[in-house]
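*Asks:* Now for the letters of each chain:
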Amino acid sequence: MIRQDFGLRVDPKRRSNLSAKQRQWGEPEWQQQDYAHRLNFYTVPPTADISLEEFEEWAIARLKVLSELESCAFRNRSPEETATYMAPILEKHLPLHSNSSRSSTLQGERKKDHFSHFILRLAFSSTEDLRKRYARLETQLFRLRYKDDDTRERQAFIDSCDDLKWEKVGDEEKRELSQELKDATPGGLGPGRRFEDESWFKVDWERVPELVESRRVFLKRGMAYVPSREQSSLVVAEFTRRLDQALELTARAIPRLDEDDRLTPILHHLSQSFTAPDTAYSTADALPGTLQPHAANIDSLSQHFPLCMSHLHKTLRQNSHLKHFGRLQYTLFLKGLGLSLEDCIIFWRKSFRLITDEKFAKEYRYNIRHSYGDVGGDANRRGRGYTPYSCQKLLTEALPGPGQAHGCPYRTFSPDNLIPLLQGMGVQDQSVLKGVREDVGKQRYHIACNRVFEYAHKKEIKRAKDDFGWGIAELDTISHPNTYFKRSFMLKHLGEEVPKGEKMDTD
Amino acid sequence: MPHAISPEPTTEPSDAVLPDAPASDAPSDPADMSGDDTAAPVLGAAESDKENRLEDMFDTDSDDDEFSSSAAKAEPSTTKPAQSGKFSDPGIMKAFYQRLFPYRQLFQWLNHSPVPTIDFKHREFAFTLSNDAYIRYESFASADLLRKQCIELLPSRFEIGPVYSTNPRERKTLRKKSAFRPLAKELVFDIDMTDYDEIRTCCTGAQICPKCWSFITMAVKVVDVALRDDFGFKHILWVYSGRRGAHAWVCDRRAREMDDQKRRSVAGYLELLKGGDGRGKKVNIKRPLHPHLQRSLKILRAHFQTDILAEQNPWEEDEKAAHLLDLLPDKALTAALRKKWDSAPHRASTSKWADIDALAATGVADKLDATQLKEAKQDILLEYTYPRLDAEVSKKLNHLLKSPFCVHPGTGRVCVPIDVAKVEDFDPFEVPTVTQLLDQIDEWDKEHVKAEEGEAENDEAGGAGKEQEKEKKLQDWEKTNLRPYVEYFRSFVNELLKDEKTAKREREEGGDPMEF
Ligand SMILES: [Zn+2]
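As they're listed, the protein sequences go chains A and B. Under the numbering used here, think of the first position of the first sequence as 1, with each following residue one higher. Under the numbering used here, think of the first position of the second sequence as 1, with each following residue one higher.
What the hints contain is simulated information worked out from the structure, not anything from laboratory work. Treat the hints with care, as some may be off.
Think about it this way: if two alpha-carbon atoms lie no more than 20 Å apart in a straight line, the pair counts; the simulated EDC-like pairs of lysine to aspartate or glutamate are [as the list claims (entries may be wrong)]:
1. B/K286 x A/E180
2. B/K339 x B/E319
3. B/K396 x A/D129
In silico negatives: residues of chain A with every beta carbon more than 12 Å from chain B [what the hints assert, rightly or not]:
4. A295
5. Y366
6. Q404
Simulated DEER-style distance windows between Cβ atoms [as the list claims (entries may be wrong)]:
7. B/V115 x A/S78: 54 to 64 Å
8. B/K501 x A/S78: 50 to 60 Å
9. B/F429 x A/D299: 31 to 41 Å
All values reported here derive from a predicted model rather than from experimental measurement. Even glycine gets a Cβ: it sits at the ideal position worked out from N, Cα and C.
Next up, chain B with everything else stripped away, as it sits in the complex:
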């Protein structure tokens, strides 16, 4: 059974033309004709965008890195190559972009209004093609034109950048370079499991399992509450990155308009762990603990006993236990602990953690400073649980980040939104893959054709026609497990649009405090 691939654009499903598409088939702006803008940029990309390439290299989304051409050599992927090849099959990608990708919701999300505004029209999109060519500074006058481009190029993924002061496609024609500058973009965060590799014992590299996914869950909880309660942001979209991480898009207008300095200060506020993979102490915080850290500690403590001590068992090995001892104060106490653990190899981390207080209580260390020990234990807890953000991603207004609902080329999973209210229940292994979704469309169509035939036989003249029409209106994603994710996204976007409308009205009435 072949997958649900529409034969040719002429027979595209009826939902293909989006409500926000221009009235006629031909785009009003000739510069946006696909004949012009598909071939040329591919050739021109390497040459024309030299000045931006360095930035691109620095800014790559590490979650996908093992699939870029040169990095792939360095680190063998853990997924079977045959499988990863399957997901980037052009036929599959074509069906995905034709039938499943929720362009309309994406458009509304970025556009903040029902009719196309510069928020969408001047927004940079960047495409990574299956041959690893990278095309930057694409932009689209409507969701429909974005859709056309996706179907034409079949990118393995595409990224979303900032809204620019002028149309990114026209940046070369500007006389003054300064006329082309980034104006706004969501504040973004990237949490990736690679940053946890030194404390993760269950898996390595690109692999994840439910045990280590809890690192991401913890990070989402801590960052989300800080963004809401401390910074006052309301519209935060969390997105599964398709393999082993999550992205956050803070979409409030106030966040979108932040300059680099403000982005840096939010990132700095949230950043806690310093230092690389060495054995040194990574948490160096003064007391009293800042309210944000106290709250984080409270959230994380609930996970520490189970998700870290029991599941990760991080100090089972002698070498790892030595690191734990390094982090504790008082020589007498650490000596006593070392002695105890030496006599019981592979003692579980839960027991080792309990040993600390137990031995301290016996008075082996007569000079022990109880406060110092308590603080050291807090620091250790934070080192093993506190979010590890790829802060560079957050600091730059013009940083690009992979769009929600792209397909991860390695896993085939769709980068779906995560409902933060239910983040504990989110299971990355339940996220549908592109092939599953296409099967589900086929499945649905088959069943419904059957049902129709059955109905037609039973009731030649009855209400079947009506019923049929209703079903025809279903969009393909509605026939699949993608449905709840798109619906969640839609409600998220609706909330955002509501606020934008109020803000716009207030601005028009001259009462917006954000404008000077």
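One chain only, chain A, in its complex shape:
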């Protein structure tokens, strides 16, 4: 259905062409859509003919842009840095010029932008995780373009959208609420700005949740009074809202799509290249490609490990051995770090100092390879082995027996043993230790772990927020050991440009 709405269908006679379907609601002029504005809310599906090559090429171009945007978030680039970084990438893959540029390719650019958005919408609507990720990245892209749009053209775009016409607060009401409106403006109106010159919109508060959360609007009986200068967040919020809704609809229509055409494999491939093996563990939690860990630097990296993993590491160093479940938990964590199978085998071989090569090869090697999906049944290999354990997994496993070191120490250790362990890690602050005790008493083990993390990275977190624009998204509650590691590592290396190819055993 969607694909019909989308207006794309493979025509068997014109192998490399996709012809527009005649649709009852299709106005003739839509065949040649005219793009009056640079910005697009993507409410109307594209209808023109494009070739199969263009279909794939355009989608890949947009995918490239979105992936780069995503990596900006991982690298904690500020909005300004992101804009600078993205400018050449956008120019290369998905240029979009303003009307004032008088570029001759204007309509072509906008068509490509329009189509590629809808193609990826199809490719990424299959699972909720993909939809969320796509909506998030598309929103970022929209925001980026919105910001650098020509002011007058932007206003023309806003005026062209019916949904963006919000109710203006009338003069009388504005006067009545003048004190409240001023007080709800963080930092006041600003120097040189007069109340009389400012205007406000009135919308249901649900439309501007971010502004409500940070108390940047006045609320009255369910209505939010939004200063006109916040209009951009309203526009962006509206963009997200519509896209979320559209993706939801696409997802519901997908199962009804005809499987027997040539778009399906392309769409499938597109979404595959975007999918992480497991929702709980995102490959984003491995280190960037240039910072691969290897067999010899695990000791130095272990300073960034959460308690569960540093405990395994220490136990391994102390005993030159780890029991089965500990080995499994630790191997998967290392795999999640990005440690290659080869290096992982070397790491374990060297760590098990007291056993022979033969014994190692016979009893341990296979398990490591199995965890990586190098051996085992089809399903195991296809799935690239097991996924690194999340906190949830660790907290719901059976408790370790004597001599075993796996699991989450916040849960498996009694408070009286846990506290010295933490002190050994350098957590001396009494209030933190008291907090941990309380968390553990309430079975909020992951909160305890997050508390320790925040304490151990207090300075860096402040810096990351103040100087690097880290927000809630980057500093949300950790619920995966690999996230703990990644964040710790990133925080301790804030702002360092790591040259390509440099290994990270420098710390």
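Chain B with the ligand: place on chain A using the hints.
*Replies:* Just chain B with the ligand now, with coordinates in the frame of chain A:
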């Protein structure tokens, strides 16, 4: 005198079958037969619900935590163990669930209509049993089936979760996981005295007294008015959590349908104090003060002088007074204050608070910024009075919260609604305990049997029969001190139902602005 325990279900009081129960005794849906759904989930709970257990651990209602198995070891309860054992006695619990629990009102509250809808039928219930087993994803086709399950399991408490897109009991049979998702739940808040421990001087741990209860009173007032005046919610049910806190259930349709992001933004709007137990400054707000904070300040100022300065006397100790000094600006001023207080150990907080302005007025600090001092004092006032919400509870649509009218296993008190119009008068120590209530039923029955006998002797053929019938119709809770609470709840639910009806009519006429 044994408590009022009905011998066996066969002789249950006549009000046992609820008006909304299915016509026949046998439930129409075989999946809901109690034979099926009582034993199996108990065994299956640990195994089948693994994927949800972490969430459960994070989301436990802290007010009851000291009674869960593992937490109990960590922190000794302050109530006498003998007493807490008494309240969870199976006989008492059975009588409570048979005779006192207001299922019908609870059903109407959650169902929003007289006939069972998916609002009730797809609603998740979770039971905590006396052996600490935890059963999630229970659901019921009617109030009567919920009642049967309660009597069967005698849970030490049960929790209410969201309405799901499909029946929670059938979630395993669905081919697509995404077909089972939470659709709606009241917006909830949890205020617990533990979060006040660092500023509370009168009691510690699980204890409370009238002095510290005022923290909860203040919190209820501030949150309630914000939810009504700012967010426009109308149906807010406050419930005593049974020991040392209160819950709020915002039941407006608009609130129930909020997604996590919107819940987070309401919680964020109301949240003010950041940071843990350290000595740092917890209030960091920019000026001008947001209208919500100005209003809160006004409400809280009235309590500060008496409930905080006089009753809690938070800065009597030198160490605590040092924290106060940390929060004040201007070195010269704080030095002068320190000197004064050092020479008068244990000077009362009221005096210390007054000293600040008094010394500032003498000009000990010539560079003092009057606005800065005023703002610092506002911040301090807020730090000691502003609601401390367990915000995590509010942020998730699928969070479970203990049902109103459960019995707190530690205190035996029933989790009764608090009439917010009279929140100042609410006294947690007046809340009836389950044993008191059962005594009251016995008491009432005894008196009325006597009276009947007396009447029968005097007037063999007269109107006694009529009178008797009228009394028989009384439900057991009506014979006890639970009555005003159930009646308040009933009127709350009626108001909610009225609005639901109007909204439904508007929707049917196609005029509902909430539907897109
Ligand atoms: Zn007290």
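*Asks:* Please go over all the hints and tell whether each is borne out by the structure.
*Replies:* A quick look at each hint next to the structure:
Between B/K286 and A/E180 the alpha-carbon distance is near 15 Å, which keeps this suggested pair within the 20 Å criterion. Proposed proximity of B/K339 and B/E319 is supported: the alpha carbons are some 14 Å apart, at most 20 Å. Between B/K396 and A/D129 the CA atoms are separated by roughly 18 Å; this keeps the pair inside 20 Å, and the hint holds. No beta-carbon of chain B comes within 12 Å of the beta-carbon of A/A295; the shortest separation is about 32 Å.
In this structure A/Y366 is separated from chain B by more than 12 Å, as the shortest Cβ-Cβ distance comes to about 27 Å. Every CB of chain B lies more than 12 Å from the CB of A/Q404, the least distance being 19 Å, so the non-interface label holds. For the pair B/V115 and A/S78, the beta carbons lie near 56 Å from each other, so the given range of 54 to 64 Å is met. For the pair B/K501 and A/S78, the beta carbons lie near 52 Å from each other, so the given range of 50 to 60 Å is met.
Distance hint check for B/F429 and A/D299: the Cβ-Cβ separation is about 59 Å, which falls outside the suggested range of 31 to 41 Å.
In summary, the structure is inconsistent with hint 9 from the numbered list given earlier, while agreeing with all the others.
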